[in-house]
Amino acid sequence: MTTTQSTEVPTKAAIPPAASTAVRVQNAVIKYGFIFVTVALFLYFALSEGSFRESATLLDTLRYVSVAAILGLGVTLTMAVGGMDMSVGAVAGLGVSVAAHTMVVLNQIGTVAILAVIAAGALAGLLNALLIVVLKIPDMLATLGTMFVIQGAKLILVDGQSITPGMTRSDGTTAPGRFTDGFLRIDRGTVLGIPISVLVFGALTVVAWVFLARTRWGRVLYAIGANPEAARLAGIRVGAYRALAYVLSGVLASIGGLILASRIGQGDVSAGTSQLLEAVAVALVGTSVLGRGRPNVWGTALGAVLIGIITTGLTIKGLPYYTQDVVEGAVLILALVFSFTLSKRRTA
Amino acid sequence: MSPIEPSALESTPAVSLRDVGKSFGGKTVLASVSLDIAPGSVVALLGANGAGKSTLIKILSGVHPDHSGQVRVAGELAALQSPLAARQLGIQTVHQRIGEGIVPGLTVAENLVFEELAQQRGNPFLGGRRLLTRAREIQAALGLDWSDAVLRGDVTELGVSDRQLLILARALATRPRLLILDEPTSALSAAEAQRLFTLVERMRDDGIAVLYVSHRLGEIDALADRLVVLRDGRLTEDQAKPFDWDAALRAMLAQAQEATTARPVREGEPGEAHGNVALSLRGVRLFDGRAPLDLDLRAGEVTGVVGLLGAGKTELARGLFGAEPFTSGAVELDGKPYAPRRPGDAIRAGVHLVPEDRHADALVPGWSLAQNISLPFLKSLSRLGLVDTAKENALGRDIIGALGVVARDEHSTVEELSGGNQQKVVVGRWLAETPRVLILDEPFRGVDIGARRDIGRRARALAAEGAAVLVLSADVDEVLEVADRVVVLAAGEVHLDACGEDAQRDRVIQTISASV
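Top line first, the protein sequences correspond to chains A and B. To convert, note that position 171 of the first sequence is 171 in UniProt numbering; the numbers rise steadily by one, no gaps. To convert, note that position 37 of the second sequence is 37 in UniProt numbering; the numbers rise steadily by one, no gaps.
Don't take every hint at face value.
So, partial list: chain A residues that the calculated Cβ filter (under 7 Å) puts toward chain B [claimed, not checked]:
{"hint": "1", "residue": "Thr215"}
{"hint": "2", "residue": "Arg216"}
{"hint": "3", "residue": "Ala230"}
{"hint": "4", "residue": "Ala234"}
{"hint": "5", "residue": "Gly235"}
Short derived list, chain B residues pointing at chain A, Cβ under 10 Å [stated by the list, open to error]:
{"hint": "6", "residue": "Gly69"}
{"hint": "7", "residue": "Ala362"}
{"hint": "8", "residue": "Ser374"}
{"hint": "9", "residue": "Arg429"}
{"hint": "10", "residue": "Cys499"}
Which chain A residues stay away from chain B? Per the calculated CB distances, all over 10 Å, these [as the list claims (entries may be wrong)]:
{"hint": "11", "residue": "Thr111"}
{"hint": "12", "residue": "Ala175"}
{"hint": "13", "residue": "Ile236"}
Since the hints were made in silico from the structure, they are not lab data. Each residue gets a CB set at the ideal place from its N, CA and C atoms; glycine is no exception.
Full structure from sequences and hints, please.
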């Protein structure tokens, strides 16, 4: 019975006391710290490495992070409802295989492949929704399970081998189709000098931002994440909205898969696996941006850009590619310090 | 724990409180409580929700070391700095939620010796045969006779009452001076409760002081030597056996006379049937195995439902709102069948609920007042799905103004507000679209008197506009202050349904006390 009372905020807090300089500095660090780090790193690389300044490098950086960023948008949606989607990497990988299978084995055009991949992503999202919403399995565990199932299903689809144009199939016939030129343009083509994959990333970011931050559906997703029982008692069908978040996450992951397929140009069986941690990292970095402590679309996009700047910059600096994981992990931990340790201290 | 010396039994209280108080951020929850608990006695502690019972228990069990006043244990000044310190001083608490004392995944024996396992000084290699031996000793303290197979089994294989006994045995094994039992029978059947009473009586005979917290007056009547009543953080009643139940209930449920003679929010002739029946319940069962309930709520009228904890108030509210649909009976809203399967159905039909616990069930933490207010009716504030924030903020300002919410502006977060103002926001949310039926479940809990008046006035204004308003509360005076008609609920059944002159305070209290 005292729980209500002890969580109540005292009346006198209605008028916040004048913040001391130290507190204000700390608040500024929490709020703008990550943006500052991003800009500072960008300036450092740009000033010290001539090749970093070239627009081609910058666009390549964005092109490189677009897949993780789009997957991260899906993770952001599921985090908004208080969940987590660990299957995004696997769904993207499934998308690569479905795209390759549709075009190379079934000899279909790129448009059909795109529709098939997105349908596969939506189905994967529905499977997650079924496990989490209907069967009440904790989100993290359910999507971990579907991650393995989807990776396995993908192998069955491609008989355990990468699909390449002209390859010999298990029944001795030669695969009739190939990756269409139009499909390959998704990652390799440009419009007004900007890679199509970067444009897709930008467009999806804007759409996701409008959806989450400006529509009532987005508002409802956040309400569910912050207090599901309050949302239910406000008349919201919590289960349906949580399902929606996972289906949208699946669709976004499959779009990431399309870009990946176009980039690789074949049905690589291992595609997508490395994208999971990057996507989750990007979304978690995003929660610490602007000190909001909650998943948000611009934060996720900025997190992706930051990770892109760091990896590209360090590659140009000559750091071996295999150190990349350590660097990305360190960035993630730093972001977690921002969003948990520091902001907790502020509210305490 | 050293055995209690016989000489101490007569003179020194086992535990003695002097001016003990506690406040949370400026809000006093417990004010200057003084109480002596004699060894070998059972003292019953009564109080409505929010009266301060839990806080008092937490102070005694070392959860709130920053309380004011003094606590003496066996005559010695005691610092209850931590739960461990309280236990070492001989104060053992058995909490209401049995789950909190049980560690699933460990065996029954491991749970029995858990406190010794958890202590750093204990033998780290207490296992196997030695553990079983110790577990047998502990269960013997309570006269339990579980076989080795039971002791080796997982604790989750035990039934609820056996788990309760396990915790009791563990508490008794330390030979406490004071044993605090917080609603110990809430999960027990009558026969199991009887077994517990026998044990409590034996503890008393052994010289242990027992502080018995319960809302079941029958148990207290049978078991306690003395009863004390907490209300709004103060001890308002102290009786030795035989108990005067009317006085005890009055102390527990009713405010001091002078506070209630003025009923500022009630105007006009009470008791008249104001309008048509808005909501009619027929044969609704609030609890399995209880008689079905018939109830009519009239438009233009504030109906107050009074009842103790467990009377079925929240079940009634949540059933009408579709949050936990009724399993039997029929409800009609304005003459048409009404069976909401989820809150959304109720809201569309114009039935709104202000839930019992605003933090758990209503407020979205970190959100602004405007956002918290608009949540149920976002659809009407949106065009093509886009939330019209200008409209939303205007609605927020309207509600803030209409209910007199004390806040900087509609952008303030709910955490910046006092409890009473938070409650106004939760009530105000449901006024954005005029309800046909407004249900308020314990709307005045943790709410200051000014906010209570404001909310009450708003509820009456709503009724005057033609809505049916239902106020559910354990507090008789809160209900009398606002309601035209009073219904007394006990164990899911209606015991009194009275208007105006018939709804006198004494009569309501007598009905509650007779229904126990």
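Hint by hint, here is what the structure shows:
1. Thr215: Given a least distance of 4 Å, the restraint on Thr215 of chain A holds.
2. Arg216: holds, 4 Å
3. Ala230: Given a least distance of 5 Å, the restraint on Ala230 of chain A holds.
4. Ala234: holds, 4 Å
5. Gly235: holds, 4 Å
6. Gly69: For Gly69 of chain B, the interface hint is violated, since the closest Cβ of chain A sits about 17 Å away, which is over 10 Å.
7. Ala362: holds, 5 Å
8. Ser374: With a minimum Cβ separation of about 8 Å from chain A (threshold 10 Å), the hint on Ser374 of chain B holds.
9. Arg429: Since chain A brings a Cβ to about 8 Å from Arg429 of chain B, closer than 10 Å, the hint holds.
10. Cys499: Result: violated, 31 Å to nearest chain A Cβ.
11. Thr111: holds, 28 Å
12. Ala175: holds, 44 Å
13. Ile236: Check fails; 7 Å does not lie beyond 10 Å.
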